Amino acid sequence: MMSLDLPHVVLASSDDGSLLWLLAAGPAGAAATYWAVYRYYRNTDKSHAFERDTIIAAEPVQGGERKVDHVSRTQRSDIDGDNSDKHRERVHRAR
Amino acid sequence: MTQDHVSPGPGQGPPDHTVADEIAAARAEAEQGGPPPGPTVESVNETLKDGINRCSACGSTDVRLRGSTGMLVCLFCRHEWQEERVEEALGLGVGIDELEGTVVLGGAADIADENDVLTFTCEACGAEVVVDTAHAMNARCHWCRHTLNVNRQVPNGAVPDAVLPFKLTKDEAVARISDFAGKRRFFAHRQFRKEFTPDNVLGVYLPYLVVDARAEADYWGKGEVQTRRWTEKHGNSSTTYYAADVYDVQRSVRFTVDDLTVEGSSERLTTGPTNTNNIINTILPFDTKNAVRWNASYLVGFTSEKRDLDVDALAPRVEDQLLSVGRSQVQGTLGTFDRGVRWEQEKLDVGGTRWVSMYLPVWLYSFQRKPGDLVHYIAVNARTGETMGSIPVSQPKLLLAAMTVGTVLEGAALAFLGASA
Chain A
1 MMSLDLPHVV LASSDDGSLL WLLAAGPAGA AATYWAVYRY YRNTDKSHAF
51 ERDTIIAAEP VQGGERKVDH VSRTQRSDID GDNSDKHRER VHRAR
Chain B
1 MTQDHVSPGP GQGPPDHTVA DEIAAARAEA EQGGPPPGPT VESVNETLKD
51 GINRCSACGS TDVRLRGSTG MLVCLFCRHE WQEERVEEAL GLGVGIDELE
101 GTVVLGGAAD IADENDVLTF TCEACGAEVV VDTAHAMNAR CHWCRHTLNV
151 NRQVPNGAVP DAVLPFKLTK DEAVARISDF AGKRRFFAHR QFRKEFTPDN
201 VLGVYLPYLV VDARAEADYW GKGEVQTRRW TEKHGNSSTT YYAADVYDVQ
251 RSVRFTVDDL TVEGSSERLT TGPTNTNNII NTILPFDTKN AVRWNASYLV
301 GFTSEKRDLD VDALAPRVED QLLSVGRSQV QGTLGTFDRG VRWEQEKLDV
351 GGTRWVSMYL PVWLYSFQRK PGDLVHYIAV NARTGETMGS IPVSQPKLLL
401 AAMTVGTVLE GAALAFLGAS A
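Chains as they are written, first to last, in my numbering: chain A, 1 to 95; chain B, 1 to 421.
Please note: incorrect hints may appear among the correct ones.
Claimed, not checked - Per the computed footprint, the stretches of chain A lying under chain B, defined by three or more beta-carbons under 8 Å from a beta-carbon of chain B, are:
id, region
1, 23 to 29
2, 36 to 46
3, 49 to 57
4, 61 to 70
5, 75 to 88
To be verified - Derived pair list, reagent style EDC-like, types lysine to aspartate or glutamate, alpha-carbon separation capped at 16 Å:
id, chain 1, residue 1, chain 2, residue 2
6, B, K289, A, E59
7, B, K370, B, E195
8, B, K289, B, D132
9, A, K86, B, D320
10, A, K86, A, E59
11, B, K289, B, E88
12, B, K167, B, E386
13, A, K67, B, D248
14, B, K170, B, E386
15, B, K289, B, D113
16, A, K86, B, D258
17, B, K170, B, D199
18, A, K67, A, D45
19, A, K67, B, D245
20, A, K46, B, E386
21, B, K289, B, D258
22, B, K167, B, D287
23, A, K67, B, D338
To be verified - Label-pair restraints from in silico Cβ distances:
id, chain 1, residue 1, chain 2, residue 2, range
24, A, S72, B, A415, 37 to 47 Å
25, A, E59, B, T407, 37 to 47 Å
26, A, G81, B, L400, 37 to 47 Å
27, B, G126, A, R39, 54 to 64 Å
Think of the hints as simulated: they come from the structure by calculation, not from any bench.
Because the structure is a prediction, the values reported are computed rather than measured.
C-beta: ideal position from N, C-alpha, C; glycine also.
Turn these sequences into a full structure, and let the hints guide you.
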């Protein structure tokens, strides 16, 4: 029954591109289930949150910003390479 | 947005000083006839010597830690006492904002002797007793049954400046490990489920270096502020576009860090797919403020792993962590940049550090399917009770579950598309 319906469904959904992504639901759901369970068991992503759990006394943050450019039209909803919350991702070390 | 302050860019400011630089400078100074590098603060417990630790009340040597109180107890007369906290005894809680250079306590000094085996002469009967300091700091005299202890600083990394005694009992650790594994039973590997015996948990003192630091971190990057958002129609579909102002962003923060804790064993330091060391790392932090002066009697009944990393080997790791701490501190000032910030350069200037070696208590359960395979740990912080573990997964079972979920979702998607067509 399903094999008869499938070509019809794909053809019908091709007319409306916005619904095609639904076909990815199966593989995406399978991958998400696999990784969620795997991580719950193996905890490979866990480590000591020293940024939060250590006693830190900081003076007020200094600094500034200067406008240098304008992007007039982009489809990106955020800056390319946003790493503001990836504290452990090292960038070029100025010496 | 106005520019309130612009600091010199990378390379324009004063030269920075890293922990490694400080250590290299100290060594160079020593080579030129200056003061030698190495310990600047002695931490030897002068009240003790190698050999027999006697109870001050009755003279017995049957002394061990009483976990429920965190005190040493004489098993003969039940007298209890404890060593001084190093926080006060060695002045570790003060002066972090005035640290200059690299201060290394005696127990964290460079490892100069790889020999793990020490030989004692038993003070009670004169027998020669061997202690393998790679795994234990006590031994029973095989003739007279007295307990002998390693209390002096030996230059092989086995004797730390301080020890944080076990607080959680073995029964409490077994309960936590059972609970942790019990919640992860269904997809666990069959062999793990069959052989799981939480009573085999081992109490082990692991070596750490606890670091106080004073530092300044600078960061440079780009930030974007959205100025417009609009949607354009293209036939039946639509696309959203954005316009944004781009800024050069600079931030700088001075801070002190109190008791940053890093692994002192090379076997535990590396993390990745070939080991589960991240599990042991995750149960940090410990209440290191309550660490006491070294007394080998705290280790009676437990095993220990000796430190094999020196301060200069760990300096890059600490610098990385200080840069991460600085980044987390400046994050709160980036709210204006609603499209995010991309840091491109960073710089660390370490004013001073102080290194203390400690044994910290961990209840450890390990499982290995067969020799050469990954060793899975379930670790319990023996002070706070925080528990973390790695449970081997049954791949066939997990794949079957994932495919079942995928099939159901795909079926629902096809049904929906069929209906909408």
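Tested hints:
Only when three residues or more bring their CB closer than 8 Å to a CB of chain B does the claim for the region 23 to 29 of chain A stand; here the count is 6, and the claim holds. With 8 residues having a beta carbon nearer than 8 Å to a beta carbon of chain B, the region 36 to 46 of chain A meets the requirement of three or more and the stated coverage holds. Judged by the Cβ-Cβ criterion of 8 Å, the region 49 to 57 of chain A is covered by chain B as claimed, because 8 of its residues qualify and three suffice. Requiring three or more residues with a Cβ within less than 8 Å of a Cβ of chain B, the coverage given for the region 61 to 70 of chain A holds, as 10 such residues are present.
Counting residues of the region 75 to 88 of chain A whose CB lies closer than 8 Å to any CB of chain B gives 13, which reaches the minimum of 3, so the coverage claim holds. Using a Cα cut-off of 16 Å, the hinted pair K289(B) and E59(A) is violated, with the two alpha carbons roughly 23 Å apart. With a C-alpha separation of about 12 Å, the suggested pair K370(B) and E195(B) falls inside the 16 Å cut-off, and the hint holds. Simply put, K289(B) and D132(B) have alpha-carbon atoms about 29 Å apart, too far for the 16 Å limit, and the pair is violated.
Between the alpha carbons of K86(A) and D320(B) the distance comes to roughly 13 Å, so the proposed pair stays at or under 16 Å and holds. Of the supplied pair hints, the one linking K86(A) and E59(A) is violated, its CA atoms being roughly 22 Å apart against a limit of 16 Å. For the hint pairing K289(B) with E88(B), the CA-to-CA distance comes to about 9 Å; that is within 16 Å, so the pair holds. Between K167(B) and E386(B), the direct Cα distance comes to roughly 12 Å. Compliance with the 16 Å bound is thereby established for this hinted pair.
Our distance criterion of 16 Å between C-alpha atoms is met by K67(A) and D248(B), whose separation comes to about 6 Å. At roughly 14 Å between alpha-carbon atoms, K170(B) and E386(B) fall within 16 Å of each other, so this suggested pair holds. Simply put, K289(B) and D113(B) have alpha-carbon atoms about 29 Å apart, too far for the 16 Å limit, and the pair is violated. Pair hint K86(A) plus D258(B) does not hold up; C-alpha atoms about 22 Å apart against a cutoff of 16 Å.
Among the hinted pairs, K170(B) with D199(B) is consistent with the structure: their alpha-carbon atoms are about 8 Å apart, no more than 16 Å. With a C-alpha separation of about 37 Å, the suggested pair K67(A) and D45(A) falls outside the 16 Å cut-off, and the hint is violated. Restraint check for K67(A) and D245(B): the C-alpha separation of about 7 Å stays at or below 16 Å, so the hint holds. Pair hint K46(A) plus E386(B) holds up; C-alpha atoms about 13 Å apart against a cutoff of 16 Å.
Simply put, K289(B) and D258(B) have alpha-carbon atoms about 10 Å apart, close enough for the 16 Å limit, and the pair holds. A threshold of 16 Å between alpha carbons decides the hint, and for K167(B) with D287(B) the separation of about 11 Å falls inside it, so the pair holds. Proposed proximity of K67(A) and D338(B) is supported: the alpha carbons are some 15 Å apart, at most 16 Å. Hint check: S72(A) to A415(B), Cβ distance near 44 Å, so the stated range 37 to 47 Å holds.
Checking the proposed 37 to 47 Å range against E59(A) and T407(B) shows it is violated: the Cβ atoms sit about 57 Å from each other. The hinted range of 37 to 47 Å is satisfied by G81(A) and L400(B), whose Cβ atoms lie roughly 39 Å apart. One distance hint, 54 to 64 Å for the beta-carbon pair G126(B) and R39(A), holds here, with the actual separation near 58 Å.
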